[in-house]
Structure formats: C-alpha cells, structure tokens
Amino acid sequence: MPQLSLSVNARPVSADVEPRCLLSNLLREHLGLTGTHIGCDTSQCGACVVLVDGKAIKSCTMFAHQAEGCEVTTIEGLAGEGTLHPMQEAFRDHHALQCGFCTPGMIMASVALARDNPALDEAAVCKGLEGNLCRCTGYQNIIRAVLAGAKSMRGKHDV
Amino acid sequence: MYEFQYHRPNSLEDAAKLFDAAGDPQYLAGGQTLIPVMKQRLAMPSDLIDIGRIGDLHGITADKNALTIGAMTTHAQVASCDKVRESIPALASLANHIGDPAVRNRGTLGGSIANNDPAADYPAALVALGASVQTTSREIAAEAFFTGLFETALEEGEMIVKVTFPVTDCAGYEKFPNPASRYATVGVFVARTKERVRVAVTGAGLSVFRAGDIEAALETDFSPDALDGISISADGLNSDLHASAEYRANLIIVLARRAAAKANAA
Chain A
1 MPQLSLSVNA
11 RPVSADVEPR
21 CLLSNLLREH
31 LGLTGTHIGC
41 DTSQCGACVV
51 LVDGKAIKSC
61 TMFAHQAEGC
71 EVTTIEGLAG
81 EGTLHPMQEA
91 FRDHHALQCG
101 FCTPGMIMAS
111 VALARDNPAL
121 DEAAVCKGLE
131 GNLCRCTGYQ
141 NIIRAVLAGA
151 KSMRGKHDV
Chain B
1 MYEFQYHRPN
11 SLEDAAKLFD
21 AAGDPQYLAG
31 GQTLIPVMKQ
41 RLAMPSDLID
51 IGRIGDLHGI
61 TADKNALTIG
71 AMTTHAQVAS
81 CDKVRESIPA
91 LASLANHIGD
101 PAVRNRGTLG
111 GSIANNDPAA
121 DYPAALVALG
131 ASVQTTSREI
141 AAEAFFTGLF
151 ETALEEGEMI
161 VKVTFPVTDC
171 AGYEKFPNPA
181 SRYATVGVFV
191 ARTKERVRVA
201 VTGAGLSVFR
211 AGDIEAALET
221 DFSPDALDGI
231 SISADGLNSD
241 LHASAEYRAN
251 LIIVLARRAA
261 AKANAA
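For the protein sequence lines, the chains are A and B, in the order given.
Going by the working numbering, 11 is the number at position 11 of the first sequence; the sequence numbering is gapless.
Going by the working numbering, 249 is the number at position 249 of the second sequence; the sequence numbering is gapless.
Treat the hints as calculated values from the structure; they're not laboratory data.
The beta carbon of each residue, even a glycine, is placed where N, CA and C say it ideally should be.
Be careful, since some hints might not be right.
Said to hold, decoys possible - In silico BS3-like links for lysine-lysine, alpha-carbon gap of 30 Å or less:
| id | chain 1 | residue 1 | chain 2 | residue 2 |
| --- | --- | --- | --- | --- |
| 1 | A | K55 | B | K39 |
| 2 | A | K151 | A | K55 |
| 3 | B | K83 | A | K55 |
| 4 | A | K127 | A | K151 |
| 5 | A | K127 | B | K262 |
| 6 | A | K127 | B | K194 |
| 7 | B | K262 | B | K64 |
| 8 | A | K127 | B | K39 |
| 9 | B | K262 | B | K194 |
| 10 | B | K83 | B | K262 |
| 11 | B | K64 | B | K83 |
| 12 | A | K55 | A | K127 |
What the hints assert, rightly or not - Where chain B lies over chain A, by a calculated footprint (3+ residues, C-beta under 8 Å):
| id | stretch |
| --- | --- |
| 13 | 36-44 |
| 14 | 57-70 |
| 15 | 105-117 |
| 16 | 121-133 |
Based on the sequences and whatever the hints tell you, model everything.
As structure tokens, then:
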C-alpha cells in the first residue's frame with residue numbers, strides 16, 4: 001500500500017491506505033476524527049466538508065492520496081484550549097443545530113465563507129451554503145449564526 | 001468502489017508514459033464527477049493518473065485578444081480571477097454558479113469539458129465564445145470538440161492542456177439550474193464579437209448546440225425583443241422528470257432573452 005503523508009489539524013500524519021480510500025474515510029476510520037460526518041456520500045449534502053489548504057472541500061469526493069502534503073483542518077481542529085472557535089460559539093449561541101448531523105460541515109463551510117468574504121450578508125450566506133443541507137431544515141438559525149460568527153471572526157481569529 | 005492503482009505524475013511526459021503502460025487507465029482531474037461515478041461502480045479504471053499537480057496544466061494568462069486557462073484550473077479560480085472578470089466577465093460568472101462552493105474548489109475546466117455532461121455549463125461558453133482546446137497533440141475548435149452525449153473528440157490518452165477564449169465585445173450566460181445539482185436544466189450563452197453573434201445551448205440536447213435562428217435574430221438587432229415570435233422545435237430535445245422537451249424548448253428562448261439582456265448590460 002502506498003504511504004501517505006499530510007498534516008491534519010496542524011499535526012503531521014502518515015498512513016498506509018489503499019488508493020480508493022476517501023479523505024473522509026482516512027479522517028474517520030484511520031485517524032479517529034469522527035467529527036467529519038458522512039451524510040449522503042455522493043457530494044450533495046456537505047456534512048463531510050473540511051478545509052484542505054484553507055479551501056472548503058467535500059472530503060467524500062476526494063481520495064486521501066490527493067491530499068498528499070496538504071494541510072487538512074477538520075472540525076476537531078477549530079477550537080483552542082478550552083475556547084470554541086467564534087463560528088462554533090455562534091452556532092451554540094444561536095441554536096443553529098437541531099439534530100446536529102450537518103453541523104460540522106456547516107461550520108467548516110461557514111469558516112471558509114466568512115474568511116473569504118469579509119462583507120457577508122444573508123444572501124451571500126445562502127449562496128455560500130448551497131452545498132450544505134440541513135434535513136431538520138433549521139436554516140434560519142444557521143444563517144443568523146453564520147452572520148454572527150463571521151462578525152466575531154473579523155480581525156480576531158485566523159483559520 | 002473497485003480497486004485501482006493510483007499515480008501522481010509531475011509532468012505531461014510522465015503522465016503519458018503511465019497511461020501507455022496501464023491496462024485500462026483514466027486521468028483524474030478534480031474528481032467531482034469521476035469519483036461519484038466510481039463509487040456507483042459505473043467506472044472501473046485499472047489505474048487512475050492524477051494530473052492535478054502537473055504545472056503545465058495550471059494558470060491563467062490574458063492579453064487584449066484572448067484569455068487562456070489551464071485545464072486544471074478550478075471553477076473557483078476562474079470565478080475569482082481578475083483577468084477573467086475583466087476580459088470575459090460572463091465566463092467568471094458562469095464558473096461561479098457551477099455546483100456549490102466546495103465543488104468549485106475541486107472541479108476543473110478540463111475535467112468538465114472532457115466529461116461533456118449534456119447539462120454542464122462550460123460547453124456552452126466554449127462553443128459560444130469560439131474557444132479552442134489545446135491538447136497534448138493538437139488544437140481542436142470547441143464545436144468540433146463536443147461530439148455527443150458524454151463524447152468528445154479526444155483520442156485515447158490525449159489530454160487537455162489549456163483552453164483559449166477569444167475576447168468578445170460582450171457576452172451573457174443564463175441557466176435554469178436544477179435546484180439539487182445546479183446543473184443546467186437549460187443554459188444559454190450569448191456572445192457578440194465584431195457584429196457576429198454566437199448562441200450556444202446546453203442542457204437541452206444530447207450535447208451542446210448552436211441556435212441558428214436566435215443568432216440570426218440577434219445579429220439583426222442585439223436586444224431581447226429581437227427574439228419575439230421566435231420558437232424552437234422540441235424535436236430531439238431532452239425530456240425527463242425535471243422538464244419535458246417542450247418546456248426546455250421554451251426555456252431556450254426565455255434564457256436567450258435574459259442572456260442577451262445581460263450581455264447588453266455588460
């Protein structure tokens with residue numbers, strides 16, 4: 001099996017995984033990072049979104065080996081010592097989760113969205129989260145949380 | 001998913017050698033279509049040759065006559081590139097409405113056109129703008145490149161290197177997106193260059209096609225109202241649970257009007 005090296009949540013990781021191993025499977029099954037959820041496994045739902053070299057991608061639609069040498073950030077890599085990331089805090093404050101299954105992907109997509117778009121408004125949040133589905137349909141509070149999280153991220157957090 | 005061998009060459013030469021040496025190889029670009037297809041076991045290549053890190057396939061260059069985009073440029077890169085936004089803003093806008101943000105961060109121009117999905121957005125842009133596709137062995141005009149349903153003029157092992165778009169006077173693209181996939185139920189790209197108008201339609205037929213009647217009307221009068229009274233035959237158009245052939249025929253006119261309005265405003 002080919003050897004794979006990459007960085008996950010700022011830690012160097014090596015793994016022997018099959019070529020057909022998806023990044024989502026590497027994270028969950030080989031590294032035990034089960035915060036990345038697999039919802040549809042068909043790149044529709046966005047529950048598996050992680051950051052690869054700072055860009056939001058669907059980890060169920062990328063082979064682990066395609067991430068060779070990349071920096072991967074998962075939901076587990078957001079919080080500091082005892083402090084939530086501002087976007088996580090905003091999701092909690094605004095009750096932006098019901099069952100919570102979509103939440104890791106929503107937060108990762110939202111972190112990238114907020115960082116890339118300093119002037120986010122409601123329409124931009126809706127368009128930016130087109131690839132993330134909440135089957136509880138709790139979108140109103142998610143939008144509120146993303147706007148609040150983006151505001152508190154400005155100037156004080158770097159992801 | 002079936003097993004396969006994975007290769008990640010750094011040069012076009014190495015990619016070609018790996019392709020020739022493998023039993024049933026396939027190139028892997030951004031994987032946003034190929035990986036789902038492999039999961040469904042609809043494709044079972046013996047070898048995947050990941051061309052994502054070949055430097056020659058990346059980059060965007062522009063001069064006053066043309067815009068050239070490397071095959072492995074992602075939709076997000078096309079959408080956010082100032083050179084694209086300045087020279088052909090309709091192309092940047094098209095790229096910004098493919099799939100969703102995460103898909104746009106992985107999916108590539110070359111991968112999209114090599115797949116030639118009948119509902120993909122890029123084929124309409126290439127045909128309407130009169131683009132040319134540079135491969136590892138030749139240059140192919142866009143209209144000759146897209147040959148049928150998921151079919152292109154690419155030969156076995158031939159790889160897309162870059163696509164060159166002549167700069168137009170103005171252009172506009174409008175699509176009626178499928179609400180789940182964001183693929184075009186119908187998409188119409190209108191481009192005007194030196195009094196000539198080209199209109200390409202995606203999503204409606206087996207592959208992208210030009211709409212001659214709409215082109216003629218817009219050459220006479222480049223305004224949405226010029227399309228009053230024009231109708232498109234539903235014969236041979238796609239019909240599925242999302243839209244009948246007749247509905248798609250009507251959408252072509254509706255979207256052509258909107259695209260022409262957009263081009264006029266550009």
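Next on the checklist: Checking one constraint from the list: CA of K127 (chain A) to CA of K194 (chain B), max 30 Å. Satisfied?
Outcome noted: Violated, at roughly 35 Å.
Next on the checklist: K83 (chain B) and K55 (chain A) were given as a pair; does the straight-line alpha-carbon distance stay at or below 30 Å?
Outcome noted: It holds: about 21 Å lies between the C-alpha atoms, which stays within 30 Å.
Checklist entry - Straight-line Cα separation of K127 (chain A) and K39 (chain B) no greater than 30 Å? => result Holds, at roughly 28 Å.
Item to check | Outcome, coverage of the stretch 105-117 of chain A by chain B - at least 3 residues whose beta-carbon is closer than 8 Å to one in that chain | outcome: holds (count 3)
Checklist entry - CA of K151 (chain A) to CA of K55 (chain A), is that 30 Å or under? => result 20 Å, holds
Next on the checklist: Holds or violated: K55 (chain A) and K39 (chain B), Cα atoms, limit 30 Å.
Outcome noted: This hinted pair holds, its Cα atoms lying about 23 Å apart.
Checklist entry - Given the hint that K127 (chain A) pairs with K151 (chain A), does the C-alpha gap stay at or below 30 Å? => result Holds, because 18 Å separates the two Cα atoms, which is no more than 30 Å.
Checklist entry - CA of K55 (chain A) to CA of K127 (chain A), is that 30 Å or under? => result 16 Å, holds
Item to check | 30 Å Cα cutoff - pair K262 (chain B), K64 (chain B) | outcome: 22 Å, holds
Checklist entry - Taking only the CA atoms, is the gap from K64 (chain B) to K83 (chain B) under or equal to 30 Å? => result 11 Å, holds
Checklist entry - Count the residues of the stretch 121-133 of chain A with a beta-carbon closer than 8 Å to any beta-carbon of chain B: does the count reach three? => result holds (count 4)
Item to check | Pair hint outcome, K83 (chain B) versus K262 (chain B) [Cα-Cα no greater than 30 Å] | outcome: Holds, at about 20 Å.
The earlier numbered hint that this structure contradicts is number 6, and it is the only one.
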